[in-house]
Amino acid sequence: MAEEIPKPEELIQIKHRPPKTDWMKTPINIRKGMYCYASNPKSVAYVGLPNAREWNPMEDDWKLPENWQEIIHEGFKERLERFRSFKVFMDICVRCGACADKCHYFIGTGDPKNMPVLRAELLRSVYRNDFTKAGKILGKLNGARPMSIDVLKEWWYYLFQCSECRRCSVFCPYGIDTAEITIMGRELLNLLGLNIDWIATPVANCYRTGNHLGIQPHAFKDMLDFFVDDIEDITGIKVEPQYNKKGADILFVTPSGDVFADPGTYTCMGYMILFHYLQEKYGLDITWSTYASEGGNFGFFTSHETMKRLNAKMYAEAKRLGVKWILGGECGHMWRVINQYMDTMNGPTDFMEEPVSPITGTKFENAKSTKMVHITEFTADLIKHGKLDLDPSRNDHLKVTYHDSCNTSRGMGIFDEPRYVIQNVCNHFYEMPANTIRENTFCCGSGAGLNAGEDMELRLTGGLPRANAVKYVHDKHGVNMLACICAIDRAALPALMEYWVPEVDVTGIHEMVANALNLPGQNERTTDLRGEDIPGMQAETQVESEEEANE
Amino acid sequence: MNARYMFSLIAVIVLLLLAWAGTAVGLQVVFGIILPYLAIVIFIAGFIYKVLNWSRSAVPFRIPTTAGQQKSLPWIKHAQIDCPTNKLQVIVRMALEILTFRSLFRNTRMSLKEVSKLSYQLEIFLWVGALAFHYAFLTVVIRHLRFFTEPVPFFVQLVENIDSFFRFEFLHPVFQFGLPGVFLSGVVLLLAVAYLFLRRIFTPQVRYISLASDYFPLFLIFGIALTGILMRYVTKIDVTAVKELTMGLVTFQPTIPAGVGTIFYIHVFFVSILLAYFPFSKLMHLGGIFLSPTRNLTTDTRARRHINPWNYPVPVHTYEEYEDEFREKMIEAGIPVEKMPAAKPVREEPPEEDEKPAQEEEKE
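Heads up: the protein sequence lines correspond to chains G and S, in order. Each residue of the first sequence is one higher than the last, beginning at 1 in our numbering. Each residue of the second sequence is one higher than the last, beginning at 1001 in our numbering.
Calculated directly from the structure, the hints in this document are not laboratory data. Just so you know, even glycine gets a beta-carbon here, dropped at the ideal spot from N, CA and C. All the pointers check out, no bait thrown in.
Some but not every residue of chain G turned toward chain S, in silico, with C-beta under 10 angstroms: (1) E81; (2) A100; (3) R208; (4) A292; (5) R336; (6) M342; (7) N366; (8) E377; (9) R410.
Start from the sequences and build out the full structure, keeping to the hints where you can.
Structural data, given as structure tokens:
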């Protein structure tokens, strides 16, 4: 954790007026609290990425390879050929400024280089110099500048202040997507070994153990067994998750954050309870995998190639186990990867079947090629067909609002499924203002691998627009629970809420589903999955016991 | 002062002086024939080159921005335009984008109120200004077809009629304005360019990001519109002579008729510069918008596989390697394995990498 985090009253003193000096002449100032530590060379080397070494962004010498400029130039050129998006986005921006105040990092920091247009100009300036005639001839006048160590540092600092949330791309009249530019920029930085450790180490872990946290198979099972005990304490029901089961109907993959960190763990318990219910009532046959025990993909924040290498496990495991299709848990960028990249990278998937819900018979036609279904699609379908016995009153103490995760919103378009599920499992639901939800949603401020402790100031400023909208519904409707379908959200939003709106807690959707779900043979259910007394239920039992005492 | 717009302004003034001096020393052939031909060749060749160059780059992944509800369960309303799943829907999305600047219409302005309340209000001016600018420009271009066609096609006449329905006449022995009838498009174009320029100057964020190459086309187009308006309403050049010249260009029998004033050559020179500059500048957004992968692709990637032309095999950590590393632990934990160990393995796992960011996350 960064030590000196300013107070909210101080942090919100944001000046959105750019400085007097021209942006090309404003030197880079790498500030503590705004960046993540450099990648651990062991992690970089483990996955065979180039230029693994100890380095420190605060030191002058970044220990770059001698020919680093050539590496960047060649890498740039290669990516211009491989990605039309990159080439077109380098050429057609008119700098109209529509994107400027759409970025949560700009809103929260006021740093002009966090305006999406300037973040992109950091790369475009070098593009013009290296790849366009006008840039070569007119130089600075045309916004061109040669690559230098200061430019490189600027790239590193600001490309790791972008969470690839794509909000700017909604507003750009040409659809220029800063996420795409950041992705390319980070790929180039990775050619020089300039990653951050919050990404590099999870990547190495995931490659080796199957999940970001480096949980080995036995420990993974231990953790789920621990939840089994908790669930038994809370509901009186012993659930029996299956692991690496060959011939199961469905493989379930979720971000490992749900297995490890609160409040994601409650969401994980939620999945287990739901699966148990479906198993008991309808014979659902679903398995977890310790090998493909990660839905999230920090390779996506490293390079396309790394993304593909990590993602490959899902299909490989599905094939090995011989499942019919894959069900995916609540995660943000995991779903952007599944939706827009997975089948292209690691398909085709002829070894599986087109996904059909074994309970309702619904064909998930929208997933017929990828063969992977989002759990809120699955659950929404169950609810629609009346297959779940729900008692939403167990969530009556919650006043819920819903945070659309950036990736599932602008990289997938899943908006109404989660809302439908929420509205069926709890009675008090309030939307945040329209400009801050759905395709206009604001990032948690910690996406794209920026969820470290040392960059807390960046996270809190970047998360300000989201927190501010939550505060609005908290003040207006007394909202006390922020629901989301993203593991990074569940890891990042609690810190954000604690700082800006301390009265609001964070939950995954399936935690609320499980709290509402009536299990056959369950006990009184006086506490929720967090082991906290459910106000209404508790009162009832108290009244009952009082009555008993009176008798 | 701001060097970037000063430079652009000076550049346009220099161009003006060049054309003026050129016609003064009798270089009408250069400014009326050679440069326009050259400009049009550069424009067409450059435009095609640029678009082909873009299309040569691959589209490895489908990365449309999904700005509405995906198509999933049949009872959930699908946002067909903002999350298009077929070509027709994409065409509608693109058409709305290109013809109505739909994304720009969403524009909001963020402000920090009462110290701690962020608000986002609809900000319509940029959209109005941009739309006015582009449509006025288009109208002007269509009207100018009159100079390059014989007989004049009906749609040109139609556009002229619509454009001049609004009449404004100021008739005085000393100063007359409004005869011939005023075309609205010219005035709107001038005003829109002025607006686009002023917002670059007065909106601090936009000023900060503006380059010389953002101001230059604005000054140039302002110059084009202004010289055009002056010719039509003030200096009243000989339209018949102008048409003789322009028709000469179209029929490849170029001539320089007498009685065409200097201002015409300035006008034509500005247009020539704009055309020649076009393919090498941000003005290529005209072509680029059609190729923007966040807008022109379908979002049905889960239902239909998109092919990446350069997809290559990558090293992966296979299940076999994984099981080899963790087999005993898996067996001990009761997790099924592929291979039961034949003999007692000697291998001992190095306890490397056990301090993971996991621990840090736990701390939160």
